[in-house]
Structure formats: C-alpha cells, structure tokens
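K.L.:
One-letter residues, chain by chain:
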Amino acid sequence: MIGVLAACAAAVVLLPLSGVMAAAFGEGAARIPLSDVLRYAGTTAVLALCVGALTAVAGAVAAWLVVMHRFPGRSVFTWALALPLAMPAFALAYGYADLLDVAGPLRSTLRETTGQDLPFEIRSPGGAVFVLSAAFYPYVFLAMRAAFLNLPGSAMDAARMLGLGSTAAFFRVALPLTRPALGAGVALAVMETLADYGAVHFLSVQTLTTGVVRAWSVYGSTVSAARFALPLLAAAAVLLWIERAGRRGRVHETGKTRWRSPDPVPLGRGPGLAAAAFCLFLLCAGLLVPAGWLLAHLGAQSPDWSRLAVAARNSLGLGLAGALVTVGLAALLALGSERRPQLVRLASLGYATPGAVMAIGLLAPAGVIWSLSPGSGTALALVLLVLAYAARLMAAALEPIDAGLTRIRPSLPQAAQTLGRSEIGSVLSIRLPLAGGSLLTAGLIVLVDILKELPATLILRPFNFDTLAVIANNYALDERLGQAGAPSLLILLLSLPAVIWLTGRIAAAAPPNGRETRP
Amino acid sequence: MTPLLELRQVSRRFGSRVVVDSVSLELHPGRIACLLGPSGCGKSTLLRLVAGLDRPDQGEIRIGGQCVASAASAAPPEARGVGLVFQDNALFPHLDVEANVGFGLSGLSRADRRREVHRLLDQFQIARLASAWPHSLSGGEQQRVAIARALARAPSVLLLDEPFSGLDGVLKEAVRSALLDDLRRLGATVLVVTHDPEEAMAIADDLFLMSDGRILQAGSPEVLYRQPVGLVAARLLGEMVDIPGMAVAGRVETVLGALAAPGVNDGPVRVGLRPEALQPAGDGAAVRVLARRFAGDGYRLTLDLGGVAASLRWRQAAPAAGETVRVRLDPAGAVVFGDAGEPQVSERLP
Numbered sequence: 010m011i012g013v014l015a016a017c018a019a020a021v022v023l024l025p026l027s028g029v030m031a032a033a034f035g036e037g038a039a040r041i042p043l044s045d046v047l048r049y050a051g052t053t054a055v056l057a058l059c060v061g062a063l064t065a066v067a068g069a070v071a072a073w074l075v076v077m078h079r080f081p082g083r084s085v086f087t088w089a090l091a092l093p094l095a096m097p098a099f100a101l102a103y104g105y106a107d108l109l110d111v112a113g114p115l116r117s118t119l120r121e122t123t124g125q126d127l128p129f130e131i132r133s134p135g136g137a138v139f140v141l142s143a144a145f146y147p148y149v150f151l152a153m154r155a156a157f158l159n160l161p162g163s164a165m166d167a168a169r170m171l172g173l174g175s176t177a178a179f180f181r182v183a184l185p186l187t188r189p190a191l192g193a194g195v196a197l198a199v200m201e202t203l204a205d206y207g208a209v210h211f212l213s214v215q216t217l218t219t220g221v222v223r224a225w226s227v228y229g230s231t232v233s234a235a236r237f238a239l240p241l242l243a244a245a246a247v248l249l250w251i252e253r254a255g256r257r258g259r260v261h262e263t264g265k266t267r268w269r270s271p272d273p274v275p276l277g278r279g280p281g282l283a284a285a286a287f288c289l290f291l292l293c294a295g296l297l298v299p300a301g302w303l304l305a306h307l308g309a310q311s312p313d314w315s316r317l318a319v320a321a322r323n324s325l326g327l328g329l330a331g332a333l334v335t336v337g338l339a340a341l342l343a344l345g346s347e348r349r350p351q352l353v354r355l356a357s358l359g360y361a362t363p364g365a366v367m368a369i370g371l372l373a374p375a376g377v378i379w380s381l382s383p384g385s386g387t388a389l390a391l392v393l394l395v396l397a398y399a400a401r402l403m404a405a406a407l408e409p410i411d412a413g414l415t416r417i418r419p420s421l422p423q424a425a426q427t428l429g430r431s432e433i434g435s436v437l438s439i440r441l442p443l444a445g446g447s448l449l450t451a452g453l454i455v456l457v458d459i460l461k462e463l464p465a466t467l468i469l470r471p472f473n474f475d476t477l478a479v480i481a482n483n484y485a486l487d488e489r490l491g492q493a494g495a496p497s498l499l500i501l502l503l504s505l506p507a508v509i510w511l512t513g514r515i516a517a518a519a520p521p522n523g524r525e526t527r528p
Numbered sequence: 428m429t430p431l432l433e434l435r436q437v438s439r440r441f442g443s444r445v446v447v448d449s450v451s452l453e454l455h456p457g458r459i460a461c462l463l464g465p466s467g468c469g470k471s472t473l474l475r476l477v478a479g480l481d482r483p484d485q486g487e488i489r490i491g492g493q494c495v496a497s498a499a500s501a502a503p504p505e506a507r508g509v510g511l512v513f514q515d516n517a518l519f520p521h522l523d524v525e526a527n528v529g530f531g532l533s534g535l536s537r538a539d540r541r542r543e544v545h546r547l548l549d550q551f552q553i554a555r556l557a558s559a560w561p562h563s564l565s566g567g568e569q570q571r572v573a574i575a576r577a578l579a580r581a582p583s584v585l586l587l588d589e590p591f592s593g594l595d596g597v598l599k600e601a602v603r604s605a606l607l608d609d610l611r612r613l614g615a616t617v618l619v620v621t622h623d624p625e626e627a628m629a630i631a632d633d634l635f636l637m638s639d640g641r642i643l644q645a646g647s648p649e650v651l652y653r654q655p656v657g658l659v660a661a662r663l664l665g666e667m668v669d670i671p672g673m674a675v676a677g678r679v680e681t682v683l684g685a686l687a688a689p690g691v692n693d694g695p696v697r698v699g700l701r702p703e704a705l706q707p708a709g710d711g712a713a714v715r716v717l718a719r720r721f722a723g724d725g726y727r728l729t730l731d732l733g734g735v736a737a738s739l740r741w742r743q744a745a746p747a748a749g750e751t752v753r754v755r756l757d758p759a760g761a762v763v764f765g766d767a768g769e770p771q772v773s774e775r776l777p
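Order-wise, the sequence lines are chains A and W. Just add 9 to wherever you are in the first sequence, counting from 1, and you've got this note's numbering. Just add 427 to wherever you are in the second sequence, counting from 1, and you've got this note's numbering.
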C-alpha cells in the first residue's frame, strides 16, 4: 500500500522530466542557430565552474574558521553566515548592478576623486560569478560546518599531537575526511547556479536556463525550450551523482566512535581579526551590502503597497501549499523507499533540474488537460505550479525526512505492529509523530525555496497572478530598481525567520545522538 | 496436549547464510521457556519469526494449533496475538506511560482502556508512573512498562528479547525475580531469549540451547547442565574443560584417576569437567600448579591437567606456581564424550 503511494509520489517528479524528453524530440522547433545554443552552454559551463570553485573556497574556509577557531564575532558568524540563503539571487543582482553601475553614485564619486574607474563591469559573466557565489556559498558553508562538527575530535587532537598546525591539519586531516561533504555542498551551489534565471538574466548573461525561458516566451516554442533543457538535465544527473557519492561517504565520516566535537583553538589578535574580517566580508557580500543598498533606495519611489500585499499573499499561499504537498509526497517516498530505494534516486533527479525545465515539462501534459476542459485555466495553472515546485524540491524535502525517519529506532514501529497496528497505522501513530521536527524542517526548506523561485513561476503562473519574485523581476526589467527592492526585501523578511530556525536546527543535529525525544 | 506455540523445521536464510536452521520447538501453556545461545546464533531472528516481523524461508510456525507462518504465507504481526518485549523496550518516546500501555487497546472505550491500563500498572506495581514520560524511568521501570504494554492485548505468548541485558548486576537479580513472580502469578506463557546461562537456568522451566542456527538440546535446566549432548552444548551453560582419557572395558583412565563408564566403546575419549568436578583431596592425583591468583575468600589456582589448563578454587594455604597439589575427580561433575568431543558416547555415570 505504502509502496504504491510512494510510486505515485515519484511519478510527480517523473512526469515533467519525461515531458521534457518528449517535447525535445517533437516537431515545431524555433529557428535558433546552433551557435547560440553552444554559446549559452559555454557560458553556463564557465559560470558553473567558477561559482563552484569560489563557493568551495569561501564556504569551506568560513566553516573551518567558525568550527575550529575562536575569534571575535565567531558565535554570531556561526549562524549569520548562512543567512544569505534567505536572499534571492536576483535581489543580489539588483543591488549590485545598481551599486556598481558605471553611472552610479559609487563609481562617479570614485572617478571624480581619483580620476580612475574600477576595471569591472557587473553586467558580465564575471559579475554573475561574483553575485551567484555570494548568494550560494552558504550551501557549502552549511555542509562543511556540519562535516567539521562531525569530525571525530580525536582525529584533530591526534593531528595536533603529531605536530600539525591549524593549516596543515586542515589540508592533511580535516579536508580529506570531509571531502564528500564538500562535494555535496558544491554540487548544491552549482545546481542552483544552473537553475538561476532572475540574476543572470538581469545581468545580461545568457545561459541555458535563460535560453529555456527565452525560447518559450519569445519564440513560443516548447520544443526549443526543451532542447535547451536537455544539456541541463544531463548536467543535473552528473551533479546528483556527485552529491549522492558525497552522502555515501558521510556514514564513513562519523563512524561509530564516541562522538566529541573538536575543541576550537583560540586565534591570536592579528589572525583573529583577519578571520573576523573574512567572515564579515562574506556576510556583507551575500546579504548586508545588497540588502542595505536596496533598503536605502526604498524611499526613492513609494511602493505600490496594495499590489505588494496581493503578491505577498500569493507567494505565501503558493509557498505553504507547495510545502504541504511536497512534504506529504516526500514523506510517502521516504516511507516507500525502504522497500524500493530506486524511487528515491529517481525523485532526486528533480532537485538538480532547474525550475524552468520542470515548468516546460509540465506544459505538454497541461496542454492536454486544457484542451479537455478549457474552463479550468487558473486553477489548473496553480495546481501545475505547485506540482512543478513539488517535483523540483522533492529531494530537498526528502533528505531531512529520510534522516528523521531513520533516526527512529526500528523497534518502535515494530512494537506498534506487535501491539496490533497495521503498517499504515504504525506510520501514523509512531513514525510521523516522531519525525515531526524533520517534517517541519523539510517544509521550511521548501517554503524558502518557493518564495525565491522565479522561472517556473514565470512560465506556469496564471494570467495576472503575481508573486513577490515575479513583480520584483518585472520592476527590475523596467529598470525601476527602487521599486524592485520592496518585493525583494519582503521575500528576505519572510524567509529570514525560517532560515534562522533551519540554521539552528542543522547545528543541533550535528551530534548523531541516535534518536529524537520529546519530554 | 497441543502446544501453544510450535515451530516445525523452521529455517531462515540471509543471502547464503543460514541464520535459523531447521529449528523445531514446542512451548506449552503457562510455561516459561528460555532460548539460550551466544550472540549471533540466530535466537533473536527466531523470536522475530515467531512475532511476525520476519518470514521463514522454510517450515511452519503454529500458534494455538493455527498455522501463522509458512514459506507460502505469513500472518502479519498484528494478527498473531503474540506479545513482544524488545531488547531496548521500544517505549514510544512521544507517549507517556499510560498511553504507551494503552497503545494496543484501540478497540476499547476511553474509560475501559483507562481501567485496563491501571489494572496492568497495578499488577506490575507501577501505577504511580502513569503520567511519567519514558525517558524519565529507570531501566527496570521501563521494562515493566514494556511488559505491561505487551500483556495489555492478552497475547497467547509473550516473547522477551534479552530482557535483563540493560540492567546492572545487583538490580538485575531483584528485577528478574520480581518480574518472574509476576509472570508466573499471571500464568503467562513466555519465551525468553538470552545469552546469559545463569539467567537462563534461573528462569526457565524449559530450556533450549541454540548455536549456529540450530537447537542443540532441549529439556529442563538441570538435565541440560548435567547431561549435555556435547561439549558445545555443555559450554553454553557454564565452564567446562575437557581432558583426554582412554576407555577400557567400561572404565575411563585420566590423569586424575579412573572413572566408571559403562557402555563406552574402548578407545580414546574426552572427559568434560565442570569446575566442581575438581576437589582438593589428600589422596588425589598430584598435579602441577601453573599460576596462583588471589580471589578474596581464597585463591584461584590454574592447574596443568596433562596439558590442559583448568582452574580450581583453593581455600587452604596456597601453593606457589610450580608446586604440586593433590586433587580428586568428582564424577558428578564429569561427562564422557567421544574423541572429538561430540557426540556423547555414554550415559552419565551414576
């Protein structure tokens, strides 16, 4: 029974993926020159590589600093460095584009006072690399922070006793032990890079994902959009494989030895200030500078509050509906995966798949339903949109739920069964209540991601149905950055509590304490 | 009388490994049976097969005369009327004691359930814990709750998996005897799995010795202790050293002297000795002391019995290593086996 339901949940992910495949080999491609496709693919690859490298260094070093060392501000940076997760990448792009604009106040002042200009153009692939790295380094930071916390303290003590300094211990002991986590974190950052539409589009960088949206919106060709999507799908599969390989290593990392986290070493005055400066730089780059700049320019034009309120309601409604549906389906998948582990692997492909691709994949089945019942426009579009979110975020929700369920001692559901409960009865009375915290975690992860989501919403939303991300995008494309700031900051405001809660939860989950208990 | 629980040639394989190998056993109403074996011998798997948490590859399990599991079909655990108390007690951490005990009573009204729960809690003297949370209970209390919970559904058989392994020394003894008293008073039919021979002999009416997935011997604890079918079975119940011997015309010659062994074929044999088989005696055989260790009320000597080391409790003035002592062989603690240790070649001596 649970197996059947789980298979249905997996079908939600597989439907759009197979829709993309089917569309890509259909008729009716727009005339987009191959050279364009190759150029987009090249830019995408360069972005992915550079963002991957930058986030790897920034995230790993930051995590190493806050876990293993004492320095001024450490207790704040431990959680604050994850906060940029609440900031949509496109909002960073708006902020930086305005701040670093050639005609903007910063560079004008610089030119007047020094006679020189910055040798830097933000609307360029280089600018996109900077913006996306600033937005996505927290993925690596969180993965590496958990991994460093899970390092057996004895290994670090042994390294120190054998005469290794902090830097040597990092390269020779900590990094080799946590390489799988690094791979997983970087894979997530790169997946987000591939999926990003709002930031790169605004920075006039053309990638495969902007190609997907353009082929659909400008040329009106689902087939061409699907063809842009195919290389993205292939890249997604590779990244997923890397991320999964990382997870396999994780079991090995923590081992069965008694858990004791490494003791942080105090840094001297100079190195301590340098460490604080580095962390502060990351926090400024990922959150404080762009959010501050947008905030400072809010007053320029008074925002259209009624429109914002409607959009905020839509965003929250979609986010909550998406979170409920996704968590429900993911819980089914997690429960069913005990018998059919291959289901989970299939569902995970969705997470690596950009939202734009998911949306394109749902257009074909949508067309069929539309032609069958023409009156169902708005409702159907909303259902499809929630399905696209669920398909894309299923794996993200699946991970905490799966972890929560495996933490439950197997004897508990078995005891329920020997006490007369059926399999489903024991799921409802024992497993789901015990995994409640994990379900909430999963729901918040999905909620935050949906609040920031742009391309799938752009493609699938009903006519005149705006979310915060959509109006931010519309204002930004009209070069009304002052007004784009308000919805962007609203997204930040709505996601921030969830991100703070999630960060604390990840830190608390660090010691593998075996099971969840509730007083 | 039909047995309440009956296993017929039950086997369970994991991959190529046979974990439970053609096990047959019977359990009669009101008896407390004990399955004793070293860890990894398949006894917990056997328990899970009976509970319905696992299915046999071969054989048949019958409860109350009804077949509940065979290679072809298996009733789910909730349909078997079997209570299982897990090694870790498996109390639901999100429910208090009352809700835990009442968990299986889903068919009753709220008031009936409450009454039934309190009756059980009273029986196990834990009524004061009704609103406590599992994590606040001691090991012994947790176990009582787990047993009350399992008994709430009036199972025909109660299965206990290593029930006392989580408790420490002094407490264990008290918890064990109190619990056994309660279970006997209730007339419960119980199957206990354990790896502790002392515990098994203390609680079992019927004892099953298990090793490598097979039942080696079944019977009362005393018979099993005194008349083991082989060295492996003998050592499951306690220490036993084996020394070489030579059977000639109904007698076995050993370094410690001769034993009467009627019916044993002539030739080399092994003689298994329980610790109590060695007795200090002035007229006994002289054996060399290999080592001496202080043991509180006396000494523990390690003796050289023709190349086999055996220990002996010594309460007199202790000889040093290298000296000799005189010991006698008490036939009550000795068993004659074949040359390879298996199988037994004679009835035990009178």
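Honestly, the hints are just simulated from the structure, not real lab data. Keep in mind that a hint or two might mislead.
Listed below are several chain A residues computed to face chain W (Cβ distance under 8 Å; list not exhaustive) [stated by the list, open to error]:
#1 Thr415
#2 Arg418
#3 Ser420
#4 Thr427
#5 Gly429
#6 Arg430
#7 Ser431
#8 Leu437
#9 Ile439
#10 Leu443
#11 Gly446
#12 Asn483
Since we're looking at a predicted model, the values are computed, not measured. From the three backbone atoms N, C-alpha and C, an ideal C-beta is built for every residue, glycine too.
K.L.:
Taking the hints in turn, state whether each one holds.
P.N.:
Comparing the hints with the structure gives:
1. Thr415: Hint on Thr415 (chain A): violated, closest Cβ of chain W at ~16 Å, above 8 Å.
2. Arg418: Since chain W brings a Cβ to about 6 Å from Arg418 (chain A), closer than 8 Å, the hint holds.
3. Ser420: With a minimum Cβ separation of about 4 Å from chain W (threshold 8 Å), the hint on Ser420 (chain A) holds.
4. Thr427: At 4 Å from the nearest chain W Cβ, Thr427 (chain A) passes the 8 Å test, so the hint holds.
5. Gly429: With a closest approach of 5 Å, the Gly429 (chain A) hint holds.
6. Arg430: Holds. Min distance 6 Å.
7. Ser431: It holds, given that the least Cβ distance between Ser431 (chain A) and chain W is near 6 Å, below 8 Å.
8. Leu437: violated (12 Å)
9. Ile439: holds (6 Å)
10. Leu443: Hint on Leu443 (chain A): holds, closest Cβ of chain W at ~6 Å, below 8 Å.
11. Gly446: Where the cut-off is 8 Å and the nearest Cβ of chain W is about 11 Å from Gly446 (chain A), the hint is violated.
12. Asn483: violated (47 Å)
Checked against the numbered hints above, the structure breaks hints 1, 8, 11 and 12 and satisfies the rest.
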